[in-house]
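*Asks:* The residues making up each chain are set out below.
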Amino acid sequence: MAFTLYLLLQAALLCVNTITVLHEERFLKNIGWGADQGIGGFGEEPGIKSQLMNLIRSVRTVMRVPLIIINSIAIVLLLLFG
Amino acid sequence: MADPHQLFDDTSSAQSRGYGAQRAPSGLGYPAPSASPQAAFLADPVSNMAMAYGSSLAAQGKELVDKNIDRFVPVTKLKYYFAVDTMYVGKKLGLLFFPYLHQDWEVQYQQDTPVAPRFDINAPDLYIPAMAFITYVLVAGLALGTQDRFSPDLLGLQASSALAWLTLEVLAILLSLYLVTVNTDLTTIDLVAFLGYKYVGMIGGVLMGLLFGKIGYYLVLGWCCVSIFVFMIRTLRLKILAEAAAEGVPVRGARNQLRMYLTMAVAAAQPLLMYWLTFHLVR
Chain F
1 MAFTLYLLLQ
11 AALLCVNTIT
21 VLHEERFLKN
31 IGWGADQGIG
41 GFGEEPGIKS
51 QLMNLIRSVR
61 TVMRVPLIII
71 NSIAIVLLLL
81 FG
Chain R
1 MADPHQLFDD
11 TSSAQSRGYG
21 AQRAPSGLGY
31 PAPSASPQAA
41 FLADPVSNMA
51 MAYGSSLAAQ
61 GKELVDKNID
71 RFVPVTKLKY
81 YFAVDTMYVG
91 KKLGLLFFPY
101 LHQDWEVQYQ
111 QDTPVAPRFD
121 INAPDLYIPA
131 MAFITYVLVA
141 GLALGTQDRF
151 SPDLLGLQAS
161 SALAWLTLEV
171 LAILLSLYLV
181 TVNTDLTTID
191 LVAFLGYKYV
201 GMIGGVLMGL
211 LFGKIGYYLV
221 LGWCCVSIFV
231 FMIRTLRLKI
241 LAEAAAEGVP
251 VRGARNQLRM
261 YLTMAVAAAQ
271 PLLMYWLTFH
281 LVR
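Top line first, the protein sequences correspond to chains F and R. Oh and the first sequence: position 4 is 4 in full-length UniProt numbering, straight run, nothing missing. Oh and the second sequence: position 95 is 95 in full-length UniProt numbering, straight run, nothing missing.
Check the hints yourself; a few may be wrong.
Unchecked claim - Sample of chain R residues lacking proximity to chain F, with all beta carbon distances greater than 12 Å (derived):
{"#": "1", "residue": "D66"}
{"#": "2", "residue": "H102"}
{"#": "3", "residue": "D104"}
{"#": "4", "residue": "Q111"}
{"#": "5", "residue": "D120"}
{"#": "6", "residue": "A130"}
{"#": "7", "residue": "Q147"}
{"#": "8", "residue": "V180"}
{"#": "9", "residue": "W223"}
{"#": "10", "residue": "R237"}
{"#": "11", "residue": "A268"}
{"#": "12", "residue": "L277"}
{"#": "13", "residue": "V282"}
To be verified - Sample of chain F residues at the chain R side, in silico, Cβ under 8 Å:
{"#": "14", "residue": "F3"}
{"#": "15", "residue": "T4"}
{"#": "16", "residue": "P46"}
{"#": "17", "residue": "Q51"}
{"#": "18", "residue": "I56"}
{"#": "19", "residue": "V59"}
{"#": "20", "residue": "V62"}
Unchecked claim - Taking beta-carbon pairs under 8 Å as the criterion, some of the chain R residues facing chain F (in silico):
{"#": "21", "residue": "S160"}
{"#": "22", "residue": "S161"}
{"#": "23", "residue": "W165"}
{"#": "24", "residue": "T167"}
{"#": "25", "residue": "L168"}
{"#": "26", "residue": "L179"}
{"#": "27", "residue": "T181"}
Hints were generated in silico from the structure; no laboratory data involved. Glycine included, every Cβ here is placed at the ideal spot set by N, Cα and C.
Excised from the complex, chain F in its bound form:
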């Protein structure tokens, strides 16, 4: 089983792409995972669901531009080297 670091990088890139692509209005709001639907007051424990929603929103905000660059590099590399 050749589970190399390169494969891990590819998988990570695909996962981050998946998280970034989840559309806020068309999808997340419909399943109740919108960014403004999770504010549960100032209790001590945020709970897993609100942590996940926070994570999705932060990944989307932070990784939008770097992902464009990284994806372009990946596409060029895959075209050149297969």
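Add chain R to chain F, keeping to what the hints say.
*Replies:* For chain R alone, coordinates are given in the frame of chain F:
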């Protein structure tokens, strides 16, 4: 011709020049060999200057690297993890194979900083995991060699595969720790250290498998799997379930239950990975 950019004197040409220059007027056979390279060295101020410039550039570069290396690789923190001695390594290996009798799993603190591994057997270190990883790769090569399946790139493949699994484990555990909002002092390097301890069991299993065949492999691997399971649970319980472990009573049922599940999942993943990374080496 002295090149002004070269940092080191070309003493061969200088010596021949020195010989030739001295031979012509005096006609002696052997001019003093020590005089000619020195004469060429001192008589060539350009290469002298170039050498001084080069060495000052190197010193500046070294300063820059030393200043900035701490930003990317926490070198001072890493030094703590390698502060081990033979006694510690011996006792820790014994603990990894037989953790059932050890009573006190708390790391001792010394004014807010954890004590170095040399003085406390419960402290995590990176020496054993690093050595165990390298030994695992070598033992994998040995195992493949005895089955006539060896080729040098397979060695790199084993190493990279084990490293990739380790990275995946660390990322998965960090993600779950974030999702469960555990306020723990478990740093990433600590986690790498704890996850690296399973390589010791893997080496034991593969070596026994080489000596005694599949039965020996399964026996020793089974023993090491259970030991690592108990070791991880007892160690992580103190880090992740800090409140409950300190008080001895579960404070809030649901939250602590989630943390308990997380600990059990992390500990259960160790035997699985130990088997997955070694079963193809023992035939």
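*Asks:* The structure should be examined with respect to each hint, and the outcome stated for every one.
*Replies:* A quick look at each hint next to the structure:
The beta carbon of D66(R) sits about 28 Å from the closest Cβ of chain F, which is more than 12 Å, so the claim that it is off the interface holds. Distance check on H102(R): its Cβ is at least 33 Å (rounded) from any Cβ of chain F, clearing the 12 Å threshold; non-interface status holds. Distance check for D104(R) against chain F: the nearest CB is about 30 Å away, which clears 12 Å, and the non-interface claim stands. Taking the minimum C-beta to C-beta distance to chain F, about 29 Å, the non-interface status of Q111(R) holds against the 12 Å cut.
Against chain F, the non-interface label of D120(R) holds: every CB pair exceeds 12 Å, the least being about 32 Å. Here A130(R) stays apart from chain F, with its beta-carbon at least about 17 Å from theirs, past the 12 Å limit. The claim that Q147(R) lies off the interface holds: its Cβ sits roughly 17 Å from the closest Cβ of chain F, which is beyond the 12 Å cut-off. A beta-carbon of chain F is positioned within 12 Å of the beta-carbon of V180(R); the least distance is around 7 Å.
No Cβ of chain F approaches the Cβ of W223(R) within 12 Å, the least distance being about 25 Å, so the stated non-interface status holds. Distance to chain F confirms R237(R) as a non-interface residue, since its nearest Cβ pair spans about 20 Å, more than 12 Å. A268(R), annotated as away from the interface, keeps every beta carbon of chain F farther than 12 Å; the closest lies near 20 Å. The Cβ of L277(R) does not lie farther than 12 Å from every Cβ of chain F; its closest approach is about 9 Å, which violates its non-interface assignment.
For V282(R), the requirement that its beta carbon stay farther than 12 Å from each beta carbon of chain F is met, with the minimum near 15 Å. This hint holds: F3(F) has a C-beta 5 Å from the nearest C-beta of chain R, less than the 8 Å allowed. A cut of 8 Å between beta carbons decides the hint on T4(F): the least distance to chain R is about 5 Å, and the hint holds. Among the interface hints, the one on P46(F) holds; its C-beta lies about 6 Å from the nearest C-beta in chain R, closer than the 8 Å criterion.
The restraint placing Q51(F) at the interface with chain R holds, with a minimum CB-CB distance near 5 Å, inside the 8 Å limit. The restraint placing I56(F) at the interface with chain R is violated, with a minimum CB-CB distance near 12 Å, outside the 8 Å limit. Against a cut-off of 8 Å between C-beta atoms, the interface hint on V59(F) is violated, since the closest Cβ of chain R lies about 11 Å away. With 8 Å as the threshold, the beta carbon of V62(F) stays out of range of chain R, its nearest partner Cβ sitting at about 15 Å, so the hint is violated.
The beta carbon of S160(R) is positioned within 8 Å of a beta carbon in chain F (closest approach about 5 Å), and the interface hint is therefore held. Evaluation of the S161(R) hint against chain F yields a held restraint, the C-beta minimum of about 5 Å falling below 8 Å. Annotation: interface hint on W165(R) holds; nearest CB of chain F at approximately 7 Å, less than 8 Å. The beta carbon of T167(R) is positioned within 8 Å of a beta carbon in chain F (closest approach about 6 Å), and the interface hint is therefore held.
Hint on L168(R) holds. Least Cβ distance to chain F is approximately 6 Å, under the 8 Å limit. Hint status for L179(R): holds, given a least beta-carbon distance of 5 Å to chain F, under 8 Å. Here the hint on T181(R) is kept, as its CB sits about 6 Å from the closest CB of chain F, short of 8 Å.
Violated hints for the displayed structure, listed by number in ascending order: 8, 12, 18, 19, 20.
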